[in-house]
Amino acid sequence: MVLPTVTRREFLKVGAAGAGALAATGLGFDLAVAESTRVKQKLRIAGTKELHSVCPYCAVGCSLVAYTRQKSDGTTELLQIEGDPDSPVNEGRLCPKGATAMQLAVSPRRVESPQYRAAGATAWKSVSWDFVLDKVAQNIKASRDASFVTTDGNGNIVNRCEGIAFAGGAAFSSEEGYFATKLMRGLGLVHLEQQARV
Amino acid sequence: MAVTLTANDVWAERRRRVAELRARQGFARQLLDFYGALLAVQEKAFQEAAAASPAAADLASYVAEVVVPSVVDVSLFAGPDRLRSEVIHRLETEHPLGMIERWIAGDEQPIVDRYLARAAVGPVLEALGAEARARCGGPRDARHCPACGGPPQLSYSASPMDDLATGPRFLACARCAASWGYPRLTCAGCGEDSSARLQIFSEHGTTSGERGSVVRGLPGDGAARRKDAVFPHMRIEACESCRRYILGIDLATDPAAVPLVDEMAAVPLDLYARERGFSKITTNLMGF
Numbered sequence: 736m737v738l739p740t741v742t743r744r745e746f747l748k749v750g751a752a753g754a755g756a757l758a759a760t761g762l763g764f765d766l767a768v769a770e771s772t773r774v775k776q777k778l779r780i781a782g783t784k785e786l787h788s789v790c791p792y793c794a795v796g797c798s799l800v801a802y803t804r805q806k807s808d809g810t811t812e813l814l815q816i817e818g819d820p821d822s823p824v825n826e827g828r829l830c831p832k833g834a835t836a837m838q839l840a841v842s843p844r845r846v847e848s849p850q851y852r853a854a855g856a857t858a859w860k861s862v863s864w865d866f867v868l869d870k871v872a873q874n875i876k877a878s879r880d881a882s883f884v885t886t887d888g889n890g891n892i893v894n895r896c897e898g899i900a901f902a903g904g905a906a907f908s909s910e911e912g913y914f915a916t917k918l919m920r921g922l923g924l925v926h927l928e929q930q931a932r933v
Numbered sequence: 018m019a020v021t022l023t024a025n026d027v028w029a030e031r032r033r034r035v036a037e038l039r040a041r042q043g044f045a046r047q048l049l050d051f052y053g054a055l056l057a058v059q060e061k062a063f064q065e066a067a068a069a070s071p072a073a074a075d076l077a078s079y080v081a082e083v084v085v086p087s088v089v090d091v092s093l094f095a096g097p098d099r100l101r102s103e104v105i106h107r108l109e110t111e112h113p114l115g116m117i118e119r120w121i122a123g124d125e126q127p128i129v130d131r132y133l134a135r136a137a138v139g140p141v142l143e144a145l146g147a148e149a150r151a152r153c154g155g156p157r158d159a160r161h162c163p164a165c166g167g168p169p170q171l172s173y174s175a176s177p178m179d180d181l182a183t184g185p186r187f188l189a190c191a192r193c194a195a196s197w198g199y200p201r202l203t204c205a206g207c208g209e210d211s212s213a214r215l216q217i218f219s220e221h222g223t224t225s226g227e228r229g230s231v232v233r234g235l236p237g238d239g240a241a242r243r244k245d246a247v248f249p250h251m252r253i254e255a256c257e258s259c260r261r262y263i264l265g266i267d268l269a270t271d272p273a274a275v276p277l278v279d280e281m282a283a284v285p286l287d288l289y290a291r292e293r294g295f296s297k298i299t300t301n302l303m304g305f
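Protein chains in written order, with my numbering: chain Z, 736 to 933; chain L, 18 to 305.
These aren't lab readings, by the way, just hints derived from the structure by calculation.
Idealized CB from N, CA, C, for every residue including glycine.
Any given hint could turn out to be false.
Claimed, not checked - Have a look at the derived ranges for each label pair, beta carbon to beta carbon:
1. Z:R773 with L:D98: 17 to 23 Å
2. Z:K917 with L:D158: 46 to 52 Å
3. Z:R779 with L:D50: 25 to 31 Å
4. Z:R779 with L:P272: 21 to 27 Å
5. Z:Q838 with L:A57: 48 to 54 Å
6. Z:K777 with L:G304: 19 to 25 Å
As the list claims (entries may be wrong) - Subject to a maximum C-alpha distance of 30 Å in a straight line, what follows is the list of computed BS3-like cross-link-like pairs (lysine-lysine):
7. L:K297 with Z:K806
8. Z:K806 with Z:K832
9. L:K297 with Z:K784
10. Z:K832 with Z:K860
Model the full structure from these sequences, guided by the hints.
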């Protein structure tokens with residue numbers, strides 16, 4: 736592609752014409768423009784994005800609008816969460832719990848590590864995720880082995896675990912619900928419940 | 018409970034807001050002084066049109082004969098120098114009826130013609146019913162006024178019924194001032210609904226998180242609140258697909274705001290948006 740050659744003189748002529756055309760488009764409120772320019776230079780304006788989300792709490796599945804801003808260090812800052820007025824589910828409304836959904840991300844009192852209270856202990860203590868996962872696995876295995884039933888009262892083979900119940904959370908996706916059910920059925924559980932929605 | 022304004026209340030509200038913003042936003046005083054003078058003419062035109070109830074077919078001729086002379090008078094009396102000279106120059110070469118007809122048809126026209134036509138047609142369309150608005154040209158789609166086909170002038174979020182709710186979004190018509198519902202996360206100019214392409218510019222400290230509150234409708238602890246925000250209830254809603262923008266007014270943040278007046282006085286936001294290469298979907302009555 737051949738770019739047209741523009742001399743400095745031509746560039747200035749074009750620029751002056753452009754500026755003149757811009758000025759000519761106004762109705763003459765020059766004082767307001769001058770004062771507003773001064774105010775504009777002092778405004779601390781930042782760009783934000785609005786994103787759709789879904790409340791993580793109950794089975795209603797209220798739609799949210801989340802405001803985020805890209806910080807100078809590249810991380811994303813969550814600024815505000817409100818109900819989505821265009822959602823047929825909640826029409827912009829949120830319950831008191833859903834309205835505080837932002838606390839899930841920003842509350843300084845948010846618990847950031849698993850808490851464990853040993854049998855007989857009176858206080859909680861912070862533990863690692865590895866400890867918790869091992870502990871849960873050991874407890875499930877122990878309860879399953881202790882409460883596994885191979886035959887019922889009439890001698891029918893049932894091979895089921897009657898000592899554990901499983902309740903799936905409201906925020907489960909379909910895939911997570913499917914996986915949880917498969918896992919629990921594999922262990923022989925028969926008491927399954929799911930607060931399914933999304 | 019929602020309050021329905023009568024026609025007279027609408028004009029009183031506009032006058033009240035002009036006085037409020039004039040006292041608070043000195044940078045817009047020149048605009049608001051002139052708009053205040055124009056409002057008196059428009060309110061009179063509104064009342065006369067409501068009483069005379071001209072036939073919809075006679076809309077353009079009625080406006081040209083009855084309303085335009087008053088708009089010209091107030092423009093020459095209270096307008097800035099350039100507006101005065103341009104109005105005189107245009108009326109020497111162009112009959113007002115042609116300007117009115119082009120505005121009603123939705124055609125392109127010089128900025129002074131458009132100003133005269135808008136200022137004169139607006140109150141008459143507000144006073145007359147659906148039949149007059151239906152005679153106006155323009156698409157009847159989601160991005161244009163369902164009543165008259167006019168383009169959107171501004172966007173506003175209605176005041177919600179309670180603190181934990183968010184009011185729906187409306188667009189207000191540049192031609193007849195009617196409002197219609199429009200999705201929140203969608204460009205009013207081109208319909209873009211990818212949030213990655215929609216940019217919102219607002220002053221620091223105006224979101225609930227920055228105010229120290231996790232609930233949008235409730236006041237925060239005040240620690241991070243910027244008391245000197247000039248436009249705490251306004252934002253620039255820009256689209257990176259069509260490179261256009263519209264100003265949004267949040268009535269939950271400032272229930273006393275009158276979108277038509279607040280939008281007109283927010284010249285610093287217009288300058289900011291244009292500096293970033295966005296053009297307004299529809300310039301307002303004052304050409305911003």
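Verification of the hints:
1. Our hint of 17 to 23 Å for Z:R773 and L:D98 holds, since their Cβ atoms are close to 21 Å apart.
2. A beta carbon spacing of about 48 Å between Z:K917 and L:D158 agrees with the range 46 to 52 Å that was offered as a hint.
3. Judged by the Cβ atoms, the range 25 to 31 Å given for Z:R779 and L:D50 holds: they are separated by roughly 28 Å.
4. Remark: the range hint 21 to 27 Å for Z:R779 to L:P272 is upheld by a beta-carbon distance near 24 Å.
5. The beta-carbon spacing between Z:Q838 and L:A57, approximately 51 Å, falls within the hinted interval of 48 to 54 Å.
6. Against the hinted window of 19 to 25 Å, the Cβ-Cβ separation of Z:K777 and L:G304 comes to about 24 Å, which satisfies the hint.
7. Simply put, L:K297 and Z:K806 have alpha-carbon atoms about 27 Å apart, close enough for the 30 Å limit, and the pair holds.
8. The straight-line distance between the Cα atoms of Z:K806 and Z:K832 is roughly 28 Å, inside the 30 Å bound, and the hint therefore holds.
9. Under the criterion of a C-alpha separation no larger than 30 Å, the hint pairing L:K297 with Z:K784 is consistent with the structure, at around 19 Å.
10. Among the hinted pairs, Z:K832 with Z:K860 is consistent with the structure: their alpha-carbon atoms are about 27 Å apart, no more than 30 Å.
Hint compliance for this structure: no hint is broken.
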